[in-house]
Amino acid sequence: MDDFAIKVGEFEGPLDLLLGLIERKKLHISEVSLSQVTDDYIAYLKQFENLPTGQAGTSLSNMANFILVASTLILIKSYSLISSLAVTEEEKEDMEDLAKRLKLYHRIKELSGHIKELFGQSTIFAKENSNHFESVFAPSGEITRKNILGAIRSVVDNLPKKETVPEAIIKKVISLEEVIDDLTKRIQQSFKMRFSDYTKSSNHREDRVNIIVSFLGMLELIKQGIIEAKQEYIFADIDMESKNIALPRY
Amino acid sequence: MTLDAKIEAILFFKNEPTDIKDLANILDTSLERVHFALSDLEKKLEGRGLTLVHYENAVMLGTAKEGSELIEKIKKEELSRELGKAGLETLAIILYKGPIARATIDYIRGVNSSFILRSLMIRGLVDRVQNPNDSRGYLYKPTLELLSFMGLSKLEDLPEFNTMKEQVEKFTRDAMAEDQP
Amino acid sequence: MTLDAKIEAILFFKNEPTDIKDLANILDTSLERVHFALSDLEKKLEGRGLTLVHYENAVMLGTAKEGSELIEKIKKEELSRELGKAGLETLAIILYKGPIARATIDYIRGVNSSFILRSLMIRGLVDRVQNPNDSRGYLYKPTLELLSFMGLSKLEDLPEFNTMKEQVEKFTRDAMAEDQP
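Protein sequences appear in the order of chains A, B and C. Here the first sequence stands for residues 1 to 250, where the numbers follow this note's numbering. Here the second sequence stands for residues 251 to 431, where the numbers follow this note's numbering. Here the third sequence stands for residues 432 to 612, where the numbers follow this note's numbering.
By construction, these hints were calculated from the structure, which means they are not laboratory data. As the structure is a prediction and not an experimental result, all values here were calculated from the model. Careful, some of the hints might be misleading.
Stated by the list, open to error - Below, simulated SDA-like cross-link-like pairs (lysine to any residue); rule was C-alpha separation at most 25 Å, straight line:
hint: 1; chain 1: B; residue 1: LYS294; chain 2: C; residue 2: LEU476
hint: 2; chain 1: B; residue 1: LYS415; chain 2: A; residue 2: GLU128
hint: 3; chain 1: B; residue 1: LYS325; chain 2: C; residue 2: SER566
hint: 4; chain 1: A; residue 1: LYS116; chain 2: B; residue 2: SER403
hint: 5; chain 1: B; residue 1: LYS293; chain 2: A; residue 2: GLN121
hint: 6; chain 1: B; residue 1: LYS325; chain 2: C; residue 2: GLY568
hint: 7; chain 1: B; residue 1: LYS264; chain 2: A; residue 2: SER140
hint: 8; chain 1: C; residue 1: LYS516; chain 2: A; residue 2: GLN121
hint: 9; chain 1: A; residue 1: LYS146; chain 2: C; residue 2: GLU587
hint: 10; chain 1: B; residue 1: LYS326; chain 2: C; residue 2: LYS507
hint: 11; chain 1: C; residue 1: LYS601; chain 2: B; residue 2: ARG368
hint: 12; chain 1: B; residue 1: LYS264; chain 2: C; residue 2: PHE546
hint: 13; chain 1: C; residue 1: LYS601; chain 2: A; residue 2: ASN131
hint: 14; chain 1: B; residue 1: LYS335; chain 2: C; residue 2: GLY541
hint: 15; chain 1: C; residue 1: LYS507; chain 2: B; residue 2: LEU277
hint: 16; chain 1: B; residue 1: LYS326; chain 2: C; residue 2: ASP459
hint: 17; chain 1: B; residue 1: LYS271; chain 2: C; residue 2: GLU509
hint: 18; chain 1: B; residue 1: LYS271; chain 2: C; residue 2: GLY568
Between the sequences and the hints, there should be enough to build the whole structure, so can you do that?
Shown next as structure tokens:
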């Protein structure tokens, strides 16, 4: 069952990873601490996104889980940097929920300590099955060839299937680096552009994850001092300008 | 023979989790009287070598947890105690919050839990029942074997059970009001 | 835990006549004290659902005499009960894929099958043989009575025998190669 394991590196899932990062920095769970570990989270994820699936236990649908949480993290961080950032009601809820989810998950991890402590320590045992029991042939009317065929068919239909997530789609969406490279090039070319132009002209599908990943790319560029971003008013588009055309460094 | 003695005899003979409804049927009596008799039996078993394990509608008889070391000495098969991180988390969610839909488990853990659930079911630690609010979905709940492994006669014996159940319920009510049954 | 409670737990668990000398050994005490404790246990079981059964030098726990009618009723009820979906599926797996280990059945169905297997055995529908690859394990197979009840002179006469067998085998081959006979 190893090929089904849900792990990126040593972490079970995105919440596990986040919790690990927050604990490492000895922070409390809050939106503020989440914005403080966003970069670490992305950096950690980057190590794994280029691994072929199956390696290090990565699976595509699981990567998608990691990326979805990444997108919420980026929102939280952006919001803390650019207070005028426009967020939808739904995004606001996601942002608030993440801290709550993390607190609950933290609680569950604490409680799983009780399970570990108790499991198998003072077991209540059932009677051992006797090896000598009398059996009486007692069939029932249900046992017909037709019903038995129906039963084996239902067994076969319910065998677990391997993941069937279309790899190509997810790979495109989750390639963080590609988005950042692309963004850098476009900034150099057009010197000044708007965020919505970027996501529109991009050959990526304009879905939510993609916009957010692009946004992350933009924030990375701001952080690296490669571009400057301006937003005239809330909900307005974001203008991007390159500060140093000659040196787009990563 | 009193009703609780009859129930003790039946549970001893059956040696598997038994539905309280089946007990009422066999004994030709009401569910209410079976419940009363079970709590009589529970009292009578105090300080004895046996104990009742009880969750929702199922009940079984087992050795008292105080005797576990003794039984372990004469048991032939080694008990598998290995659960792993994912297993522990999932069991904690099911014990403190069950019966619970897979979507909610996934949401709390932040990952897909279908494979860990399957392996817990194969080990007989977790059971699933039809979700009364969603005919295509299931609810996952602890088995009596899981309770027995943990030395719990009932779920309420879990540490922090009452406080935690409230916390989890409050949270899931807030967060998942829209997609939860 | 008193000595008589410990003895009760041991006898319940062992579910077979146990030598009084063995009890003294397990409990690390004298024969005399075991005899005293046994008579305590006997007194405490009065009016209860269980009773102590004495053999020459051995004892065993059983259901009280007064409950024997009840137990007969349950036995009959167990034998005439419908197998249900889970029972039919387990039986189908054994018919199409047997002889098969319990772990493999569990793995195919995704749930624990131990209680169902026991009931299929008690009803004479399946039988078990020693697993040649695992001295402590068993392989389950259909009984001859089941085959003749279904009007089958050989398993291959089952509808779609080869296709179904192949599909189940493909699944187990991929995942459990090492546990397979």
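Inset, instruction - Of all the hints given earlier, name the ones this structure violates by number, lowest first. - result: Violated hints (numbers, rising): 2, 8, 10, 13, 18; every other hint is consistent with the structure.
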